Amino acid sequence: MSESGNQLFEESGGKLLTFLIGEQEYGIQILEAREVVGMLEIDPVPQTPDFMKGVINLRGKIIPVIDLRLKFRMEQRKPSSESCIVVVDIQGKLTGTIVDFLVGVVTIDEAEFEDSPDLGSNINTVFIRGMAKLDKRVIIVLDMAKILTNEELVLISKPESV
Amino acid sequence: MTEHLKLNDEERKQFEVELLPIRDNLNLKLVMADLRIYKIQGCGEIMNLFDLLLGEFKKFNVPYFERAIGFINELLTEVVTEHISHYTGLSYVLNLYEFLDETLESYIHGEDTFDDFDKALERLQKMFAEKTENLEVEHEEPTEVIQNLPPQDIIDDGLASDFINEATEGIELVESNLMELEQDFARKDLVDQIFRVMHTIKGTAGFLGISTIGKVAHRTEDVLGVVRDGKQEIDGDVISLLFISVDTLKGLVSQLTELIEGREVETVSIQEFFTCLDNLENKSEKRQQQDLPIGAKDLGDQEVLSKIPFDEVEKNRDVITDKIEYQDDERQNLIEKPIEVKKTKVSAQSEGGKASKVVEMLKVPADKLDELSGEVGEMVVALSLLTQNPIIAELKDRSLHRHLDHLEKITESLRDKVLGIRMFPISTIFTKLSRQVRDLSQKSKKEINLEVSGAGTLVDKSIIDNIYAPLMHIVRNSIDHGIEEEKERKVSKKKKAGLVQLSAQHLGDAIMLKITDDGKGLNRDVIFQKAISKGLAKETDKLTDKEVFGFIFMPGFSTAKKITDISGRGVGLDVVTKTVESLRGKINIESEIGKGTTFILKMPLTTSIIEGLVVAVGENRFILPILDVDQTVTPDKSSLKGFQGRDDEFFLLAGDLIPIVRIYRIYHIEPLVKDPSEAVIVVVNDGNKKYGLMVDELIHRQQIVIQNMGERFSGLKGISGGTILGDGRVGLIIDPVSFIQKTHSFK
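Protein chains in written order, with this note's numbering: chain A, 99 to 260; chain B, 7 to 753.
In short, the hints are calculated from the structure, not lab data.
Computed from a predicted structure; not experimentally measured.
Cβ atoms here follow ideal geometry from the backbone N, Cα and C, with glycine treated the same way.
Mixed in with the good hints there might be a few duds.
Between beta-carbon pairs, the in silico distance windows are [what the hints assert, rightly or not]: (1) B:423 <-> A:207: 54 to 60 Å; (2) A:188 <-> B:581: 27 to 33 Å; (3) A:202 <-> B:182: 49 to 55 Å; (4) A:175 <-> B:733: 22 to 28 Å; (5) A:175 <-> B:542: 27 to 33 Å; (6) B:594 <-> A:157: 37 to 43 Å; (7) A:202 <-> B:17: 33 to 39 Å; (8) B:734 <-> A:174: 38 to 44 Å; (9) A:236 <-> B:275: 53 to 59 Å; (10) B:206 <-> A:207: 40 to 46 Å; (11) B:372 <-> A:224: 34 to 40 Å; (12) A:224 <-> B:459: 42 to 48 Å.
Quick look at which bits of chain B chain A covers, simulated, 3 or more residues with Cβ under 8 Å [said to hold, decoys possible]: (13) 112-123; (14) 619-632.
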């Protein structure tokens, strides 16, 4: 198993917090999640990529919020009453993630887990820990630390003219 | 009961040893989860620990707790997915775990009856199942209740005990009013007074989530409301209901006290109250229907409304723990432990304290102080919002303004004291620099005299921590490039020994540091030539001294002809600028050829609060630090100038031609206003030149508590942080200097 997969079982005992984006169920290692809050007002931050929706005021703390739909190049969708923000904690840094629907907690064992398949060069699988197969459910297990690497988050765009 | 293998003594011992760390950890984690520090992570960790526990049980073939742990995991999942409140879920988990832990303990010590445990588990499961069902249907009022322990933060804040005092006083008042009312049913003033007390109790109880008390007070208030509106006569039934209400509330309040103090808790019957209430309502409905056939329907509706139980709203908190004994002592102890730290005596250092007297010092983690100063900052902001509130400002009530002034003074003094904790004299830095000067003087074979003034000036710890390196750099620079060789000094009739002066002083809310040398001064022409060769300037540029001197802060700019041991490796003054800017400061140079150079550093006293101007550009709110703002204007159409077909790229202000920098263009924001003669121009000064930042409108000026936006936004040029504004939204703090540099880099 990949290192990223091992980590999942060592740290979180195979426990995932799962949610839907579109029709697909995704999961993150439960210890990466800090809390779930409803949709809050998001203030935009200039010069950031699309998927960086802006910042929210989480009880007095400013934290960035990303939209996984946009990160995964899916069409943008207006938040519904079921959308919520999953606050993830990567080494003490909090980041909000907009998801369409929170499913719940599921525990998978190692036999149900597979490393991320090679989907060809078109699809970036760096931020996928692997896939979990439970009966008819297929859960894509994300590696939030990889999704939230700094590189892509701040994009300096050139203005047309000054 | 499940059949089981008996463990022999040795196995038991090993079982105990292996379980110990898991159990300890569980105790800790459960308390932490109860304090709601980490919601999901907390639950996740707890689930893992239970899994470990289960693993051990399997290993030792002790299967009894499987079902219980399964149930606990189910509960925790419900909490994580927010199907039940954190509080409700954890009450169940804690109750069950306490039982489990106890049973485990006795099992380890040789007992193996699990009947009690099984029963408790079944009862809890049944209650939970009922509760979950009851989420949909209105449930019967229970007859006997034990209330929940209010959330720990409310207990810690003293809100719960304030409530108990307030409620107790109120209930006593109601009781004495009732006695009077019983004598004279016509006393409407007494009804009003009782109504007010019930209203207050209901409100506070609702706010604190103490739902049973809230419910009783609410229903009592309803009855009183009907009486007050004249729709119900006061009679013996009403009076006796009110007496029952008082008794019920008394019982509930004292039960709450017992809960909070961790004492044994007795159940309180609320059935009498509700039965009495129902009787009264039925009676009144009947009478209303007889007396007022037309109005009856309206009133009927109203009655129905008031019957919607209070707990529909608060249902999630409302766990009725029925008759399970709430053994709270241990848990309470655990919770209280961290609080004891607060009781540690803090001994203030007295200024004139004798040297012989040992001052008791308290080591406190720095982030605690940061939190404290952050919160005090928020308080200062909240208060300034309050005092600036136009409604309050217009009120002519003298005493209100006196109280507000008083509050403001206290707040300011509190802020100063809190900030004062972080303040240290800059002498520590100056001492280190003196040593360096001595070393440098030997190395460079130049005789140097160092003069220091203002060493006692207090500055924020963060400045102390960061300012040494840049100051060192400047001092090196002064000694290496500024002060001439001995021979040269002789020629220019200067004293043999070079002079370097360090000074520090307060300047309003800022600190000013000066490093002066009496060396040869900056050679304008050399710098200018170098700038041209580096492509930073053109031969034809007409620049002020300040602008030319500004070049030496550019990366890789060194005019030293030879690289010495001390400086001149191209790692230059740009590092100094960066550090000073990170402390929200500014750096300036004054220099006269042949006479010497002075570096002037200005920094805010603290790095956490600034005075800022809140401005709007489209949907966004930005903050411009007041220190950087010269003035704000809306230019006349006639003062707008431009070139190449654009006619609004500059404007004339008191003879200066000031470039207009449009924030919306740089940040790609859709603004409300695009015409400078309708917008507001905030004139800022980057030390050399003035720029006009164009915004839609000014919102107001206020003190801003700076929050770091974190590494994720560290690459964002021009934005130095964020803050929570009065309306809860986030405002981004623009650092004008780097913002303007950013616009330059696009040219």
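Consistency of the hints with the structure:
1. In this structure the hint that residue 423 (chain B) and residue 207 (chain A) lie 54 to 60 Å apart at CB holds, the actual value being about 56 Å.
2. For the pair residue 188 (chain A) and residue 581 (chain B), the beta carbons lie near 30 Å from each other, so the given range of 27 to 33 Å is met.
3. Between residue 202 (chain A) and residue 182 (chain B) the C-beta distance comes to about 54 Å, which sits within the given range of 49 to 55 Å.
4. For residue 175 (chain A) and residue 733 (chain B), the Cβ-Cβ distance of about 27 Å falls inside the hinted range of 22 to 28 Å, so the restraint holds.
5. Separated by about 49 Å at the C-beta atoms, residue 175 (chain A) and residue 542 (chain B) break the suggested range of 27 to 33 Å.
6. In this structure the supplied range 37 to 43 Å holds for residue 594 (chain B) paired with residue 157 (chain A), their Cβ-Cβ distance being about 40 Å.
7. A hinted range of 33 to 39 Å for the beta carbons of residue 202 (chain A) and residue 17 (chain B) is consistent with their spacing of about 38 Å.
8. Between residue 734 (chain B) and residue 174 (chain A) the beta carbons are some 25 Å apart, a value that contradicts the proposed interval 38 to 44 Å.
9. Here the CB-CB span from residue 236 (chain A) to residue 275 (chain B) is close to 54 Å, well matched to the stated 53 to 59 Å.
10. A beta carbon spacing of about 55 Å between residue 206 (chain B) and residue 207 (chain A) contradicts the range 40 to 46 Å that was offered as a hint.
11. One distance hint, 34 to 40 Å for the beta-carbon pair residue 372 (chain B) and residue 224 (chain A), holds here, with the actual separation near 37 Å.
12. The supplied range of 42 to 48 Å is broken by residue 224 (chain A) and residue 459 (chain B), whose beta-carbon atoms lie about 58 Å from each other.
13. For the region 112-123 of chain B, the stated coverage by chain A is violated: 0 residues have a C-beta nearer than 8 Å to a C-beta of that chain, whereas at least 3 were required.
14. Counting residues of the region 619-632 of chain B whose beta carbon lies closer than 8 Å to any beta carbon of chain A gives 3, which meets the minimum of three for the stated coverage.
The structure is inconsistent with the numbered hints 5, 8, 10, 12, 13, although it conforms to all the rest.
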